[in-house]
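Undergrad: Chain residues, written in single-letter form:
2 protein chains.
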Amino acid sequence: MKYNPVTEEILAELREIVGDKNVMTDEEKIEAYSHDEIPAEQYAHMPEVVLTPNTAEEIAAVMKLANRELIPVTPSGARSGLSGGAIPEHGGIVISVENMDEVVEIDYDNLMMVLEPGVITNNVNEMLEESGLFFAGYPMSVETCYLGGNIAENAGGGKAVKYGVTGRYVMGLEVVTPTGEIVQLGGKRVKDVTGYDLKQLIVGSEGTLGIVTKAIIKLLPKPTQRVGLLALFKDEATAISTVPKIMTEGRIIPTSIEFMDKLSVKTSCEYLNEHLPYQEAGAMLLIEVDGNKEDIVNADSETIGELCLDNDAIEVYVADNHTTRERIWSVRRNIAEAFKVVSPHQSLEDIVVPTANIPKLMPYLDDISEKYEIKVPCYGHAGDGNLHATLVKNPDHSMEEWFEIEEEALADLYQATKELGGTLSGEHGIGSKRKKYMEMMMSPAELNLMRGIKKAFDPNNIMNPGKIFDLE
Amino acid sequence: MKYNPVTEEILAELREIVGDKNVMTDEEKIEAYSHDEIPAEQYAHMPEVVLTPNTAEEIAAVMKLANRELIPVTPSGARSGLSGGAIPEHGGIVISVENMDEVVEIDYDNLMMVLEPGVITNNVNEMLEESGLFFAGYPMSVETCYLGGNIAENAGGGKAVKYGVTGRYVMGLEVVTPTGEIVQLGGKRVKDVTGYDLKQLIVGSEGTLGIVTKAIIKLLPKPTQRVGLLALFKDEATAISTVPKIMTEGRIIPTSIEFMDKLSVKTSCEYLNEHLPYQEAGAMLLIEVDGNKEDIVNADSETIGELCLDNDAIEVYVADNHTTRERIWSVRRNIAEAFKVVSPHQSLEDIVVPTANIPKLMPYLDDISEKYEIKVPCYGHAGDGNLHATLVKNPDHSMEEWFEIEEEALADLYQATKELGGTLSGEHGIGSKRKKYMEMMMSPAELNLMRGIKKAFDPNNIMNPGKIFDLE
Numbered sequence: 001m002k003y004n005p006v007t008e009e010i011l012a013e014l015r016e017i018v019g020d021k022n023v024m025t026d027e028e029k030i031e032a033y034s035h036d037e038i039p040a041e042q043y044a045h046m047p048e049v050v051l052t053p054n055t056a057e058e059i060a061a062v063m064k065l066a067n068r069e070l071i072p073v074t075p076s077g078a079r080s081g082l083s084g085g086a087i088p089e090h091g092g093i094v095i096s097v098e099n100m101d102e103v104v105e106i107d108y109d110n111l112m113m114v115l116e117p118g119v120i121t122n123n124v125n126e127m128l129e130e131s132g133l134f135f136a137g138y139p140m141s142v143e144t145c146y147l148g149g150n151i152a153e154n155a156g157g158g159k160a161v162k163y164g165v166t167g168r169y170v171m172g173l174e175v176v177t178p179t180g181e182i183v184q185l186g187g188k189r190v191k192d193v194t195g196y197d198l199k200q201l202i203v204g205s206e207g208t209l210g211i212v213t214k215a216i217i218k219l220l221p222k223p224t225q226r227v228g229l230l231a232l233f234k235d236e237a238t239a240i241s242t243v244p245k246i247m248t249e250g251r252i253i254p255t256s257i258e259f260m261d262k263l264s265v266k267t268s269c270e271y272l273n274e275h276l277p278y279q280e281a282g283a284m285l286l287i288e289v290d291g292n293k294e295d296i297v298n299a300d301s302e303t304i305g306e307l308c309l310d311n312d313a314i315e316v317y318v319a320d321n322h323t324t325r326e327r328i329w330s331v332r333r334n335i336a337e338a339f340k341v342v343s344p345h346q347s348l349e350d351i352v353v354p355t356a357n358i359p360k361l362m363p364y365l366d367d368i369s370e371k372y373e374i375k376v377p378c379y380g381h382a383g384d385g386n387l388h389a390t391l392v393k394n395p396d397h398s399m400e401e402w403f404e405i406e407e408e409a410l411a412d413l414y415q416a417t418k419e420l421g422g423t424l425s426g427e428h429g430i431g432s433k434r435k436k437y438m439e440m441m442m443s444p445a446e447l448n449l450m451r452g453i454k455k456a457f458d459p460n461n462i463m464n465p466g467k468i469f470d471l472e
Numbered sequence: 001m002k003y004n005p006v007t008e009e010i011l012a013e014l015r016e017i018v019g020d021k022n023v024m025t026d027e028e029k030i031e032a033y034s035h036d037e038i039p040a041e042q043y044a045h046m047p048e049v050v051l052t053p054n055t056a057e058e059i060a061a062v063m064k065l066a067n068r069e070l071i072p073v074t075p076s077g078a079r080s081g082l083s084g085g086a087i088p089e090h091g092g093i094v095i096s097v098e099n100m101d102e103v104v105e106i107d108y109d110n111l112m113m114v115l116e117p118g119v120i121t122n123n124v125n126e127m128l129e130e131s132g133l134f135f136a137g138y139p140m141s142v143e144t145c146y147l148g149g150n151i152a153e154n155a156g157g158g159k160a161v162k163y164g165v166t167g168r169y170v171m172g173l174e175v176v177t178p179t180g181e182i183v184q185l186g187g188k189r190v191k192d193v194t195g196y197d198l199k200q201l202i203v204g205s206e207g208t209l210g211i212v213t214k215a216i217i218k219l220l221p222k223p224t225q226r227v228g229l230l231a232l233f234k235d236e237a238t239a240i241s242t243v244p245k246i247m248t249e250g251r252i253i254p255t256s257i258e259f260m261d262k263l264s265v266k267t268s269c270e271y272l273n274e275h276l277p278y279q280e281a282g283a284m285l286l287i288e289v290d291g292n293k294e295d296i297v298n299a300d301s302e303t304i305g306e307l308c309l310d311n312d313a314i315e316v317y318v319a320d321n322h323t324t325r326e327r328i329w330s331v332r333r334n335i336a337e338a339f340k341v342v343s344p345h346q347s348l349e350d351i352v353v354p355t356a357n358i359p360k361l362m363p364y365l366d367d368i369s370e371k372y373e374i375k376v377p378c379y380g381h382a383g384d385g386n387l388h389a390t391l392v393k394n395p396d397h398s399m400e401e402w403f404e405i406e407e408e409a410l411a412d413l414y415q416a417t418k419e420l421g422g423t424l425s426g427e428h429g430i431g432s433k434r435k436k437y438m439e440m441m442m443s444p445a446e447l448n449l450m451r452g453i454k455k456a457f458d459p460n461n462i463m464n465p466g467k468i469f470d471l472e
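Which chain is which? The protein sequence lines are A and B, in order. Residues in the first sequence are numbered consecutively from 1, following UniProt numbering. Residues in the second sequence are numbered consecutively from 1, following UniProt numbering.
Chain A on its own, in the form it takes in the complex:
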């Protein structure tokens, strides 16, 4: 499919729709919209124009125009993604929702909140601070990412073991379709089987089926008690083999079970200029328990602590105050950013396997590391079976060698993941980065169903084209 360029006439129409000041064509300004948080340059692509509309109606008008003129449109949030989902692979128009950051309503009677997509996720909970309520979404990029992006990617994060991922909390969506219709999906209803669940189909569709312009999210009563445990192990295998046991032997579903290997902790600590007294351990589990009763939360965290020690933890530290917890979480949250700075040539992966198979995955990482002579630091949401194994270029390799190694090592990694009942991505999405591996994971029949859905929503393939799969 050949797309048409954004001509001066089109630009004039766009200015008419969204207003002069919401149309950017200046190269220096729009460069920021050409990439997300993937450091590798090959995924970047410049848009022709960036729009910052203020309303769903404006976006609908832009979509109608783009659909008529066959111009690709890429929705864009905080661009903190890690799969290229917000990159305008075919140029054309980027629609950034940065101006649409209004909190439309906090509905205390239904325990819900209505938000525009440009609200920073962290701000949601800051706004709720006094209310005793909270939004359970907690991606590691919580301080910068937008709610709209969380919905587009069905973001997971650090609390998904207990609370599940973003989709569980999305009750309603206002969406502008690729053909420029504004549809209201779901609503403030906690149950709804009236027709197909289009709302959940939009969640995680990476901006390929529409642009979210409003979201109704569910809030929960905020737990009053939190205890964090930092369990130190001599090596990765010992740490990781403890993870499934917390749930199966301990019969406790904690809020978080995060895994960090030594290199991840070290890199993040150096980046933050942080000194954890125990950062030299072989691997760590950061486990958190929350609830409303101090004695229950304490009892659960004690059970987990003992279970860790029974499984050869060297030591278990208790972080029962906000400052200590926040220090440790900050180390965890900043690993990706730290690696990006010290090792710009890397591939941050997001594989997910059945939780019980995490221990079986670890030897494969060692194999890959040895076979290709690269470091493969690993960290992530072990309680969900979701690990951010990161292939890092060996400084001794040329860029050419690295590109070859990256491709082969990724294929090995995904093959191992598949054999263990896992798949490509637990939370970062496919975007442009993992598209070529989709056929390895899915049957042609399944991919064709997805293509059929895409065509039903976007007959001219103008909405974020080139992501997840190619149409032909």
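Some clues are possibly wrong.
[Stated by the list, open to error] List time: in silico SDA-like cross-link candidates among lysine to any residue, alpha-carbon distance up to 25 angstroms:
#: 1; chain 1: B; residue 1: Lys418; chain 2: A; residue 2: Val103
#: 2; chain 1: A; residue 1: Lys222; chain 2: A; residue 2: Glu129
#: 3; chain 1: A; residue 1: Lys360; chain 2: A; residue 2: Leu307
#: 4; chain 1: B; residue 1: Lys262; chain 2: B; residue 2: Arg327
#: 5; chain 1: A; residue 1: Lys455; chain 2: B; residue 2: Leu447
#: 6; chain 1: B; residue 1: Lys162; chain 2: A; residue 2: Val114
#: 7; chain 1: A; residue 1: Lys162; chain 2: B; residue 2: Lys262
#: 8; chain 1: B; residue 1: Lys266; chain 2: B; residue 2: Pro221
#: 9; chain 1: A; residue 1: Lys214; chain 2: A; residue 2: Glu302
#: 10; chain 1: B; residue 1: Lys64; chain 2: A; residue 2: Lys234
#: 11; chain 1: A; residue 1: Lys162; chain 2: B; residue 2: Pro221
#: 12; chain 1: A; residue 1: Lys234; chain 2: A; residue 2: Gly132
#: 13; chain 1: B; residue 1: Lys218; chain 2: A; residue 2: Glu249
#: 14; chain 1: B; residue 1: Lys455; chain 2: B; residue 2: Ala60
#: 15; chain 1: A; residue 1: Lys293; chain 2: B; residue 2: Gly250
#: 16; chain 1: B; residue 1: Lys375; chain 2: B; residue 2: Pro223
#: 17; chain 1: A; residue 1: Lys218; chain 2: B; residue 2: Leu307
#: 18; chain 1: A; residue 1: Lys340; chain 2: A; residue 2: Asn394
#: 19; chain 1: A; residue 1: Lys162; chain 2: B; residue 2: Pro223
#: 20; chain 1: A; residue 1: Lys64; chain 2: B; residue 2: Gly452
#: 21; chain 1: B; residue 1: Lys435; chain 2: A; residue 2: Gly452
#: 22; chain 1: B; residue 1: Lys371; chain 2: B; residue 2: Met441
#: 23; chain 1: A; residue 1: Lys371; chain 2: A; residue 2: Tyr414
Since the hints were made in silico from the structure, they are not lab data. Computed from a predicted structure; not experimentally measured.
Please arrange chain B on chain A, whose structure you already have, making use of the hints.
TA: Using the frame of chain A, we list chain B on its own:
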């Protein structure tokens, strides 16, 4: 679209595929497959043939044949549905999954279970009795319904306030598509954003997009403590206005908040020959709290009890033993069946509104009752905003009058529901029964997206045609 009949040649082919003994054409035998639990006869429709295959491969072969010959196929489970979802509206082939009732695996390491669709939902938890685990699905038809039907309808039930509906526990599905492909969607992964979420699209699609032949469901550690409260109120309004307060003021998300008006309790008690000492109250709330610590569960139930009394409950009974709890739940579970027996001419509805709007809904029911001179008993999952208001024919009205009244009263009821931010169905589905009201609730754009998805899965519209919406 004109479908082709099931000829002798087709029957011979079907016998070849599924085996002689799994092909039924005898009218007396197949009559049972012509209706579900809707008492109204106008929704019933005879199939031409009923198949009881044993494997996904057999079903796939049948689907390929039906797709080639343009014969409609309707998937069928326990036929305990309440929207006509399993009724072969256009005749043709019924595929009953009754023979596919194997428990493929209990995976204690991943806290998951792999089941065929013909497993009776109640049996799942009976099998798990010793394990300390449970499946959180609890539709009111739990003793008869199949897991496959629960998935097709995204069944809700009595524990959804705390645990959510069926879809939350569906981790993976094996599905035979309308064109006869076998696809594996999802898996034993607790997170997965690899492509569109086809699995959740199948959940609640009422058998119009495929036939589930295997499901991976998530299990939870079973709470060891349960307390049931039966709160008696002088009237419906008082009872129902208490419901949202339990969550907003009490900040407790109980397992269940079930509402029953006086007529519902009376009818079910008479049907069961049960005598609750307090069955003459104006309305009741059945509230349940579960957890692992006795003192917490007791404290929560006390808080809720006090909140009920503060909201003018006449009395609050505590049911802290299994027998008493089961007696009360049995009354609740049997209301629909009891009404079906005493009032076969009725319309059991399944409206859902934002929980905070339930009190506002009640006066509309009174208005409808008065306007049409019919009784409108009401009960249901009040904690979800999901009420089974039931329009019951006035014995003084002729059948002709009743049909007219039913149609008008339903339109009034749905209009009121819509105005309160609600919709047609919280858990029973649309099927054939509520299809004509879809346009009242949804925009043409939204309906067209659903039609597009249907066409992508089922280009010849042979899979359960005539349900949810018409294609043209």
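Undergrad: Confirm or reject each hint.
TA: For each hint, the structure was consulted:
{"no.": "1", "hint": "B/Lys418 - A/Val103", "in the structure": "holds (24 angstroms)"}
{"no.": "2", "hint": "A/Lys222 - A/Glu129", "in the structure": "holds (9 angstroms)"}
{"no.": "3", "hint": "A/Lys360 - A/Leu307", "in the structure": "holds (20 angstroms)"}
{"no.": "4", "hint": "B/Lys262 - B/Arg327", "in the structure": "holds (17 angstroms)"}
{"no.": "5", "hint": "A/Lys455 - B/Leu447", "in the structure": "holds (15 angstroms)"}
{"no.": "6", "hint": "B/Lys162 - A/Val114", "in the structure": "holds (22 angstroms)"}
{"no.": "7", "hint": "A/Lys162 - B/Lys262", "in the structure": "violated (39 angstroms)"}
{"no.": "8", "hint": "B/Lys266 - B/Pro221", "in the structure": "violated (36 angstroms)"}
{"no.": "9", "hint": "A/Lys214 - A/Glu302", "in the structure": "violated (42 angstroms)"}
{"no.": "10", "hint": "B/Lys64 - A/Lys234", "in the structure": "violated (56 angstroms)"}
{"no.": "11", "hint": "A/Lys162 - B/Pro221", "in the structure": "holds (12 angstroms)"}
{"no.": "12", "hint": "A/Lys234 - A/Gly132", "in the structure": "violated (40 angstroms)"}
{"no.": "13", "hint": "B/Lys218 - A/Glu249", "in the structure": "holds (16 angstroms)"}
{"no.": "14", "hint": "B/Lys455 - B/Ala60", "in the structure": "holds (18 angstroms)"}
{"no.": "15", "hint": "A/Lys293 - B/Gly250", "in the structure": "holds (15 angstroms)"}
{"no.": "16", "hint": "B/Lys375 - B/Pro223", "in the structure": "violated (39 angstroms)"}
{"no.": "17", "hint": "A/Lys218 - B/Leu307", "in the structure": "holds (23 angstroms)"}
{"no.": "18", "hint": "A/Lys340 - A/Asn394", "in the structure": "holds (14 angstroms)"}
{"no.": "19", "hint": "A/Lys162 - B/Pro223", "in the structure": "holds (15 angstroms)"}
{"no.": "20", "hint": "A/Lys64 - B/Gly452", "in the structure": "holds (19 angstroms)"}
{"no.": "21", "hint": "B/Lys435 - A/Gly452", "in the structure": "holds (24 angstroms)"}
{"no.": "22", "hint": "B/Lys371 - B/Met441", "in the structure": "holds (23 angstroms)"}
{"no.": "23", "hint": "A/Lys371 - A/Tyr414", "in the structure": "holds (15 angstroms)"}
Violated hints, listed in ascending order, are 7, 8, 9, 10, 12 and 16; each of the other numbered hints is respected by the structure.
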